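Protein chains: 4
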Amino acid sequence: MGVSQSPSDPSVAAALAGLDADLGELTGLYQDLHAHPELSFAEHRTAAEIVRRAEAYGYDVTPGVGRTGVVAVLDNGEGPTVLLRADCDALPVVERTGLSYASRTDGVMHACGHDLHVTCLLGALKLLADARDSWRGRIVAVFQPAEEAGQGAQAMVDDGLFERFGTPDVVLGQHVAPFPADMVACHAGAAFAATDSLKIVMYGKGAHGSRPETSVDPVVMAAATVMRLQTVVSREVPAGETAVLTVGSLRAGTVGNIIPDEAELGLNIRTYTEDVRARILAAIERIVRGEAQVAGAEREPEITALDAFPVVVNEEAAVARTMAAIGTVLGDGKVIDPGPVTGSEDVGILGTAAKAPLCYWLFGGCDPETYAAAAAAGTLHRDIPSNHSPRFAPVAEPAITTGVTAMTAAALEWLGGGEAE
Amino acid sequence: MGVSQSPSDPSVAAALAGLDADLGELTGLYQDLHAHPELSFAEHRTAAEIVRRAEAYGYDVTPGVGRTGVVAVLDNGEGPTVLLRADCDALPVVERTGLSYASRTDGVMHACGHDLHVTCLLGALKLLADARDSWRGRIVAVFQPAEEAGQGAQAMVDDGLFERFGTPDVVLGQHVAPFPADMVACHAGAAFAATDSLKIVMYGKGAHGSRPETSVDPVVMAAATVMRLQTVVSREVPAGETAVLTVGSLRAGTVGNIIPDEAELGLNIRTYTEDVRARILAAIERIVRGEAQVAGAEREPEITALDAFPVVVNEEAAVARTMAAIGTVLGDGKVIDPGPVTGSEDVGILGTAAKAPLCYWLFGGCDPETYAAAAAAGTLHRDIPSNHSPRFAPVAEPAITTGVTAMTAAALEWLGGGEAE
Amino acid sequence: MGVSQSPSDPSVAAALAGLDADLGELTGLYQDLHAHPELSFAEHRTAAEIVRRAEAYGYDVTPGVGRTGVVAVLDNGEGPTVLLRADCDALPVVERTGLSYASRTDGVMHACGHDLHVTCLLGALKLLADARDSWRGRIVAVFQPAEEAGQGAQAMVDDGLFERFGTPDVVLGQHVAPFPADMVACHAGAAFAATDSLKIVMYGKGAHGSRPETSVDPVVMAAATVMRLQTVVSREVPAGETAVLTVGSLRAGTVGNIIPDEAELGLNIRTYTEDVRARILAAIERIVRGEAQVAGAEREPEITALDAFPVVVNEEAAVARTMAAIGTVLGDGKVIDPGPVTGSEDVGILGTAAKAPLCYWLFGGCDPETYAAAAAAGTLHRDIPSNHSPRFAPVAEPAITTGVTAMTAAALEWLGGGEAE
Amino acid sequence: MGVSQSPSDPSVAAALAGLDADLGELTGLYQDLHAHPELSFAEHRTAAEIVRRAEAYGYDVTPGVGRTGVVAVLDNGEGPTVLLRADCDALPVVERTGLSYASRTDGVMHACGHDLHVTCLLGALKLLADARDSWRGRIVAVFQPAEEAGQGAQAMVDDGLFERFGTPDVVLGQHVAPFPADMVACHAGAAFAATDSLKIVMYGKGAHGSRPETSVDPVVMAAATVMRLQTVVSREVPAGETAVLTVGSLRAGTVGNIIPDEAELGLNIRTYTEDVRARILAAIERIVRGEAQVAGAEREPEITALDAFPVVVNEEAAVARTMAAIGTVLGDGKVIDPGPVTGSEDVGILGTAAKAPLCYWLFGGCDPETYAAAAAAGTLHRDIPSNHSPRFAPVAEPAITTGVTAMTAAALEWLGGGEAE
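Protein sequence lines, in the order shown, are assigned to chains B, D, E and W.
Each residue of the first sequence is one higher than the one before, counting from 1 in my numbering.
Each residue of the second sequence is one higher than the one before, counting from 1001 in my numbering.
Each residue of the third sequence is one higher than the one before, counting from 2001 in my numbering.
Each residue of the fourth sequence is one higher than the one before, counting from 3001 in my numbering.
Hint data in this document are derived by calculation from the structure and do not stem from the laboratory.
Bear in mind that the values here come from a model prediction, so they are computed numbers and not experimental data.
We put the CB at the ideal spot given by N, CA and C, even for glycine.
One should not assume that every hint holds.
[Unchecked claim] Label-pair ranges, simulated between beta-carbon atoms:
(1) D:Glu1302 to W:Thr3370: 55 to 65 Å
(2) D:Arg1045 to B:Arg52: 45 to 55 Å
(3) E:Glu2274 to W:Arg3045: 57 to 67 Å
(4) D:Glu1302 to B:Thr105: 23 to 33 Å
(5) B:Thr254 to E:Ala2377: 33 to 43 Å
(6) D:Glu1302 to E:Glu2274: 42 to 52 Å
(7) W:Glu3163 to D:Glu1300: 53 to 63 Å
(8) B:Gly58 to D:Lys1199: 53 to 63 Å
(9) B:Ala375 to D:Glu1302: 31 to 41 Å
This is chain B alone, in the form it adopts within the complex (with noise of 0.2 Å):
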């Protein structure tokens, strides 16, 4: 491993005084990326936007690892092999923003900001092209799919990626979230929660809609699940622990005067413990066929493990030694431990199958002073949108500046000092 950086590194200031100039390119590519979502495993339009600028970049770029993922490497002589990661799909959303680059396709959107993902990290790579007189080693930039389906970090895996590309001394990505954009927020530790995503169908018996007593209705049997579900949460699990169960979509039938046969409920689980996910999988497993034996349904439900993403544990060392890089060119008091988070990720897959620490940090996406005064007023719950709303939008600046200027010192602090070789 190489020389460390120094906190007052002139190298790293240098690295980043590019940044400027390069802001209104990078924030026509946010906006045109925003405009253009595509669905995990559909990110063609994306990834080739990815190919045509890394390889302008200088990138040895490789497409189609893991379907649709874009790896780029920069080599430049002995030292550290850094991979740098951003996601790159879009969220089955219709967009309620009002932006003027507000998503073009129906019921697609960039809910979840992984367009500032990919936008910040190409936008690092420019930096640290130029810059590549300053460092020594490897830079593994992986553009990753299918995030949202906790798939693509296993796909690229599974595609070889450390066998083609070589393994990381240290895996680093970066995720925006609603607080201050010109902050950044990591912790130690399990950092982001397990997830598990269920697909369950309940089967009534459809019948006229005068002629209930002809039926067994599964649009009352799912809502009656629906409810008793909110029981796991509220009484089986230990006040103490954290857990999330969400039942985000319910659907069952088509017009009101027909009593349909079945309702599908879309689940999804949040733990940090093997044991309290035990704990709800078996409470919701036992809620549904209970539920379905209520209603006296002649069909047991099918309950189906749609995908499941594995606690993202954050090396100690890691994190103290990134945050301190990221520290110094931010400035004081701009990061900060927010605690474990009930979001997940498949990151968590790429440290764990190379061996490497990994360092996985937030960046904020909200404008600091509509921030502060929500904050003020008490009411951050209400007019700060959350990932996955329908009106999450991460404001271009100074989002974009802190993304890459986190990504750029961050990488630089792993790489080898160009000159201490």
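Put chains D, E and W on the given structure of chain B with help from the hints.
Positioned in the frame of chain B, the structure of chains D, E and W alone reads:
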């Protein structure tokens, strides 16, 4: 009004004699219509088939009445004008009958038997045309669109049905129902319920599935509303009154890890009196608005009235006369009074608009032996799918024979006797 | 059977002439009984009052029949035996009428008007005794205990009611109800519903209120069960059938910070046919057992049948004859047919056990003007408290006049005419 | 403040040496107190027993402090004042332990172990009196009433506790909990949750059970409210926060066939921050008032705050010092940090009012072998009853030994050393 056919009138027997020879053709027609269902106001293929056949029988046929409706007229000397009505549209149901002639159109199904209504009316039109020597008057056969939407009868009236084709002396029609296929059922007075269909949109506030505290969860709001709506019939309608409130559809969200912005419910209400109807509609509004407040929703729910069928009232004397005629040909014990039923129909609009007496009856669609076995086993409500079920499948025989016979005998009863002139 | 009194029989008018003079006394009796309500099989003070008065009128009185019941007999020559019945017990209701003569016993109230039934039967007994010259036969006045528990009629039959006091030729009785107090209502056939009362204990597992994860919360289990029980009537009973399922009591726990071990529910079911009754009882068992499974309860719920009233069937001819007699004295339009009502009664047991025709009617308890005003305003269901309400308060007049008149006229109709002998 | 006892101080061992001889007596006391539980502010028999014994040990005893509290003082030369606290009251729970010394008072039970607290403090007072040569200072033993009502500590403070008996240098106390009875657990900082208890009365409108349409059913209203209250923790509290909302009691109606006028709910809320507490209290009010509107209630629900315990904050240095002293006598590994617990206590009021550091710890009440077996089988939450359960039954031994030892060692640690002066 012409001279009534006597119960043992040999001319009725003569008219029906030709049915046996037609049965193969009619069964093929039924299966073809079943395989090609069309939604309300989109009955183009069905209408073309009706036109082709009715013209071949010698009727004067006008398509495009009330958008996709068809009127076929046979003028046969001075005498009463008799309106014979069949409805033509199918439903947005995914068929699960497993029949060889099941729907070839995804998500559309003749789940209410209108295919059989069209088949039987065409069968009767042929017999009546062939028997034109034995009656005098004018047959106005109305093939109505969009009954399921509650809009077709009104559309035809509004398009000049009576001005263009004559005001009838009686309105006759029939509907298949889940009882033995060799039987007919008719109730004088309030025979079919009034129906109101409502679309309700409840507005929450979307968020990432892991951060429910920043959301107003519309899935929970909708589920609680569905549970509370059950109390309208169980607590607020006097036990001696007849009423049904069905939530036939509930749609919210797309995936488990996104709390959506809103939920949409489709409701259907059946009542027999304006008092009960008004109380139920008021209770629904109170519950829906109240549940939004309970949830802390910032935006009021929207309740939209989609369609409304009035109560269908059969005229007492018309029922007595028509059922007597049908009973004569079907045999003893084959005509019953089912009491009021909870299904709804817009056929009543034709009678009301024409100021003519209405007689609208049910004929069976179940194999008589299968029905008797289920009745003996006490499993009727489990084994016999009702209308609108994805498994609703009237048997071709003896249902077609019964339907053609009933319609023909009823028409001859009301037309003028041939000999009398 | 004796000769029927003619509608204009002057002897009826003569018998009733004495009522005016008794009204003050009867009103005082009514208020005294109201102030001293007694629960089922504890009607000791009430029985003593009955004994004292009936003996004073000249009846042969036997207390302690069927525990706390009283029988008063007047033998008056050869003729029919007519059973006149009143029930005597009160309810465990906290009175909220605000009356000056409200209950002086905490938590017990004459909320069903049995105080009025006793008053009116005593009033009739006095008139009948005074008019003994005008009739022949035998009056068996039955003051029945424990009607609310559904046990008193059977207890009196089991205690030899008919063996000891004679088998009646007809059973007559009346009940006050919330309609104008100058009217009487009677329905021939199935007039009052069958009732089943159930006690259900659901077993959870208690814990400190702060540690729900160590509990199985019976409060949540019971609440979910109450909500799901609403679907029995709303989804499982055909709309044309009449049925009521009420959870009248729910008791669990004592304070907020202790999760209790169990919850107890009191259910009451009203039906008119055995089919519907069986389906509802099966649905309750399915739901209660299923909800315990949903909750993860380790112990099965206990469902105990407390009491069951059969359907009360009024004999058609007896109703016609009795109502004609009452109508003659009350005047045109004062006798109506209310259709079947959902209340229940064990009076039917007396008729069935005696194999005698039954005529059991309702008389009004509301001030006619107040009732008319509420009817005009459409606020009947809000302004007129029904039986069992803590605010149920029949007006003394004209309710006592109507009740005494109806009972006296009915009795004279069935007793033998005095002149005829 | 006196000189601290060294870990191996022989005077502590000497003081504890007498415990073995007292154990029989103390076990008898424990069983006698358990058999005679008394509710909050009714601890008369318990207080008399305390007075009798403490005087026998040589303490200066004052009963009636804060209504039923007792203060026992031992002045022993110049030195620190150490407050030792035990709470005395029992709970309205029907005992189901099956113990030979189970409660002889129907519906009252020492289900929270206060009997053990009293026993252990009396045991320690005797040892400390016997060992008075080895320490200097002043013991103020506080036997507090009405802890379960959250009112006893404040009542004693308000009654001049510190003015009359001296302001302590430290407040020490202990509580039994469901872990192995040879262990002690203590958490520095926010150790016990804040608690709010609410009584909620929801007003419907009573009616006969057969006529729900004339009622506003409070049983359904309460059940729906209980279900919706589950969403406060499951949807409105951030997953990383600790909060509990329990509906511990729900009482409505008396029998199945009367729809009652109202329902009463008992709620208990546990929180660790004022933000979360405020959000939960607001959500409860919103839900309760909204559910009344949904039900069509004519009268607003009443929400009454019954009691409120603040968060208990253990002072860090006091915890370190006290636990070190206890660990020395109990042995390695017998003192653990359980983290914050969701139980609540009013002991914090004593420390806050005295402006003295507080150290409040837990000691175990489970047979160590039974506990280990349940832990190994993964059945702890099923087999080990928690506080407030009707089956909560701490074992006398080794719980009394642990409790007396811990309290004695802690007191000696804070009192001045005898020899040292």
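Each hint, compared with the structure:
| no. | hint | in the structure |
| --- | --- | --- |
| 1 | D:Glu1302 to W:Thr3370: 55 to 65 Å | holds (59 Å) |
| 2 | D:Arg1045 to B:Arg52: 45 to 55 Å | holds (50 Å) |
| 3 | E:Glu2274 to W:Arg3045: 57 to 67 Å | holds (58 Å) |
| 4 | D:Glu1302 to B:Thr105: 23 to 33 Å | holds (26 Å) |
| 5 | B:Thr254 to E:Ala2377: 33 to 43 Å | holds (42 Å) |
| 6 | D:Glu1302 to E:Glu2274: 42 to 52 Å | holds (45 Å) |
| 7 | W:Glu3163 to D:Glu1300: 53 to 63 Å | holds (58 Å) |
| 8 | B:Gly58 to D:Lys1199: 53 to 63 Å | holds (57 Å) |
| 9 | B:Ala375 to D:Glu1302: 31 to 41 Å | holds (33 Å) |
Checked against the numbered hints given earlier, the structure satisfies every one of them.
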